[in-house]
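Enquirer: Chains as they are written, first to last, in the numbering used here: chain A, 1 to 72; chain B, 73 to 322.
Keep in mind the hints are simulated off the structure, nothing from the lab.
Here a beta-carbon is modelled for each residue, glycine too, at the ideal position from N, C-alpha and C.
Be aware that a few hints might be false.
No farther apart than 20 Å at their CA atoms in a straight line, the calculated lysine to aspartate or glutamate pairs in the EDC-like style are these [said to hold, decoys possible]:
(1) B/K297 / A/E27
(2) B/K257 / A/D12
(3) A/K13 / B/E237
(4) B/K218 / B/E237
(5) B/K81 / A/D12
(6) B/K84 / B/D136
(7) A/K13 / B/D136
(8) B/K301 / A/E18
(9) B/K118 / B/D138
(10) B/K264 / B/D138
(11) B/K295 / A/D33
(12) B/K87 / B/E112
(13) B/K81 / A/E71
(14) B/K268 / B/D114
(15) B/K87 / A/E71
(16) B/K257 / B/E305
(17) B/K319 / B/E237
(18) B/K257 / A/E72
(19) B/K301 / B/E321
(20) B/K81 / A/E18
(21) B/K276 / B/D160
(22) B/K77 / A/E72
(23) B/K77 / A/E71
(24) B/K295 / A/D47
(25) B/K81 / A/E72
(26) B/K267 / B/E141
(27) B/K297 / A/E18
(28) B/K267 / B/D111
(29) A/K13 / B/E141
Here are some of the chain A residues that sit facing chain B, going by a computed Cβ distance under 7 Å [stated by the list, open to error]:
(30) I9
(31) T11
(32) K15
(33) L19
(34) S22
(35) E23
(36) Y44
(37) S48
(38) A58
(39) P62
(40) T67
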Amino acid sequence: MNKKNNPVINTDKCKGCELCVSECPVEIIAISDEINIMGYHPAYITDSTKCTGCIKCAISCPDAVITVYREE
Amino acid sequence: MITGKILYKRPKTLKDVNMSYCPGCSHSLMNKILCEIIDEFDIQKKTVVIAPVGCAVLLYDYIDCDSVEAAHGRAPAIATGIKRVNPDNIVISYQGDGDLLSIGMAETIHTANRGENITVVFMNNAVYGMTGGQMAPTTLVGQITKTTPSGRNPENEGYPIRACELINTLEAPYFIARCKVTNSKSIMQTKKILKKAIGYQINKKGYSFIEILSNCPTNWGMKPKDSNKWIQEVMSKYYPVKIFRDKGEA
Numbered sequence: 001m002n003k004k005n006n007p008v009i010n011t012d013k014c015k016g017c018e019l020c021v022s023e024c025p026v027e028i029i030a031i032s033d034e035i036n037i038m039g040y041h042p043a044y045i046t047d048s049t050k051c052t053g054c055i056k057c058a059i060s061c062p063d064a065v066i067t068v069y070r071e072e
Numbered sequence: 073m074i075t076g077k078i079l080y081k082r083p084k085t086l087k088d089v090n091m092s093y094c095p096g097c098s099h100s101l102m103n104k105i106l107c108e109i110i111d112e113f114d115i116q117k118k119t120v121v122i123a124p125v126g127c128a129v130l131l132y133d134y135i136d137c138d139s140v141e142a143a144h145g146r147a148p149a150i151a152t153g154i155k156r157v158n159p160d161n162i163v164i165s166y167q168g169d170g171d172l173l174s175i176g177m178a179e180t181i182h183t184a185n186r187g188e189n190i191t192v193v194f195m196n197n198a199v200y201g202m203t204g205g206q207m208a209p210t211t212l213v214g215q216i217t218k219t220t221p222s223g224r225n226p227e228n229e230g231y232p233i234r235a236c237e238l239i240n241t242l243e244a245p246y247f248i249a250r251c252k253v254t255n256s257k258s259i260m261q262t263k264k265i266l267k268k269a270i271g272y273q274i275n276k277k278g279y280s281f282i283e284i285l286s287n288c289p290t291n292w293g294m295k296p297k298d299s300n301k302w303i304q305e306v307m308s309k310y311y312p313v314k315i316f317r318d319k320g321e322a
């Protein structure tokens, strides 16, 4: 049975550079229409159930705003 | 509250502040990688980072370890002093292209020539970032910047300097490599190389020089993703990504 992964983006600190969007192999990261506290459009997770836990998004995030959890 | 095993989280040494770098900048990525390596070696209490003049001038606000802000280009000289007084400290000089190759050329070359046991991280983004996108010593031939509006012309401005090749002509350096941080795979490779360099310093092997091909989306006028593509397609043709010298663990 596959374990559930849970990527969490700290939207207040995201600068919306879109580097994680192009890294995600299952394409579950998108850029929000809303504006965060710094004035950027932050990234958000569209469907965390599809996450494979590859952490490519977190590795490529320049501002280290992505944390990835795996259910135990 | 989300619980579970953490697969990836922000490194402990990276302070919980907003970095002033532009969105998608390689500087913020390299600060993060440096902190991850400091955490992995557990050397936070004995690391001294030398901040340059340039975009990374506020480095000491982001990395939670001892740091010194050097005068423009003098980071390797300050690193030499700290290392000679406290040989057990891990000294990392973090510099950009204007700092390391333009005003700091003398310090860079002589520190490398003496083979001081420090690690130099050289961020090459082919432009002066902080001052608004003027031509740097590493600006490519034909590249448009604020001071070369019709492209860099070698007859007037000379050719771009390849730092790794230059350092590689000296006898003393122990480890010389050029890396890029354009996608998750190359980021992992870069981290491995930088970790090796700092490991050599911990084992008192000698001078290591790591050049990182980095982007500058703001001054290149590109989206972060396109700027990474430009590094892959254009910049890494002139600056080949490889390990130039590795004298090994022996």
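Enquirer: Taking the hints in turn, state whether each one holds.
Expert: Hints and how they fare:
A C-alpha spacing of about 15 Å is found between B/K297 and A/E27, which places the hinted pair at or below 20 Å, so the restraint holds. As the CA atoms of B/K257 and A/D12 are separated by approximately 27 Å, the hinted pair breaks the 20 Å bound. The suggested pairing of A/K13 with B/E237 is violated, with an alpha-carbon distance near 39 Å, which exceeds 20 Å. Annotation: proposed proximity of B/K218 to B/E237 is violated, straight-line Cα distance about 27 Å (limit 20 Å).
Pair hint B/K81 plus A/D12 holds up; C-alpha atoms about 16 Å apart against a cutoff of 20 Å. For the hint pairing B/K84 with B/D136, the CA-to-CA distance comes to about 8 Å; that is within 20 Å, so the pair holds. As the CA atoms of A/K13 and B/D136 are separated by approximately 18 Å, the hinted pair is consistent with the 20 Å bound. Among the hinted pairs, B/K301 with A/E18 is consistent with the structure: their alpha-carbon atoms are about 14 Å apart, no more than 20 Å.
At roughly 8 Å between alpha-carbon atoms, B/K118 and B/D138 fall within 20 Å of each other, so this suggested pair holds. Between B/K264 and B/D138, the direct Cα distance comes to roughly 23 Å. Violation of the 20 Å bound is thereby established for this hinted pair. With a C-alpha separation of about 18 Å, the suggested pair B/K295 and A/D33 falls inside the 20 Å cut-off, and the hint holds. For a cut-off of 20 Å, the pair hint linking B/K87 to B/E112 stands: about 16 Å separates their Cα positions.
Proposed proximity of B/K81 and A/E71 is supported: the alpha carbons are some 15 Å apart, at most 20 Å. The straight-line distance between the Cα atoms of B/K268 and B/D114 is roughly 15 Å, inside the 20 Å bound, and the hint therefore holds. A distance of roughly 27 Å separates the Cα atoms of B/K87 and A/E71; the hinted pair therefore is violated under the 20 Å criterion. Distance restraint check for B/K257 and B/E305: the Cα-Cα separation of roughly 16 Å lies within the 20 Å cut-off, and the hinted pair is therefore satisfied.
Simply put, B/K319 and B/E237 have alpha-carbon atoms about 16 Å apart, close enough for the 20 Å limit, and the pair holds. For the proposed pair B/K257 and A/E72, the alpha carbon gap of about 27 Å is over 20 Å, so the pair is violated. About 35 Å separates the Cα atoms of B/K301 and B/E321, which puts this hinted pair outside 20 Å; it is violated. Restraint check for B/K81 and A/E18: the C-alpha separation of about 19 Å stays at or below 20 Å, so the hint holds.
About 9 Å separates the Cα atoms of B/K276 and B/D160, which keeps this hinted pair within 20 Å; it holds. For the proposed pair B/K77 and A/E72, the alpha carbon gap of about 6 Å is at most 20 Å, so the pair holds. Restraint check for B/K77 and A/E71: satisfied, since their Cα atoms lie roughly 6 Å apart, inside the 20 Å limit. Using a Cα cut-off of 20 Å, the hinted pair B/K295 and A/D47 is violated, with the two alpha carbons roughly 25 Å apart.
For a cut-off of 20 Å, the pair hint linking B/K81 to A/E72 stands: about 17 Å separates their Cα positions. About 23 Å separates the Cα atoms of B/K267 and B/E141, which puts this hinted pair outside 20 Å; it is violated. A threshold of 20 Å between alpha carbons decides the hint, and for B/K297 with A/E18 the separation of about 7 Å falls inside it, so the pair holds. With a CA separation close to 11 Å, the supplied pair B/K267 and B/D111 stays within the 20 Å bound.
The hinted pair formed by A/K13 and B/E141 fails the criterion: a straight-line CA distance of about 26 Å is larger than 20 Å. Because the smallest distance between the Cβ of A/I9 and any Cβ of chain B comes to about 12 Å, over 7 Å, the interface hint for this residue is violated. Contact between A/T11 and chain B, as hinted, is not supported at the beta carbon level, the nearest pair being about 13 Å apart and thus beyond 7 Å. The interface hint given for A/K15 is met, as the beta carbon of that residue sits about 4 Å from the closest beta carbon of chain B, less than 7 Å.
Interface hint status for A/L19: upheld, as the beta-carbon distance to the closest one in chain B is roughly 6 Å, under 7 Å. Of the supplied interface hints, the one on A/S22 holds, with its beta-carbon coming within about 5 Å of a beta-carbon of chain B, less than 7 Å. Given hint, A/E23 at the interface with chain B, holds; its Cβ is 5 Å from that chain's nearest Cβ, closer than 7 Å. Residue-level restraint check for A/Y44 is violated (minimum Cβ-Cβ distance to chain B is 15 Å; threshold 7 Å).
With a least beta-carbon distance of about 10 Å to chain B, the hint placing A/S48 at the interface is violated under the 7 Å criterion. The criterion of a C-beta within 7 Å of any C-beta in chain B is met by A/A58, whose closest approach is roughly 4 Å, and the hint holds. Checking A/P62 against chain B: minimum C-beta separation of about 4 Å stays under 7 Å; hint holds. With a cut of 7 Å, the hint placing A/T67 at the interface with chain B holds, because the nearest CB-to-CB distance is about 5 Å.
The earlier numbered hints that this structure contradicts are 2, 3, 4, 10, 15, 18, 19, 24, 26, 29, 30, 31, 36, 37.
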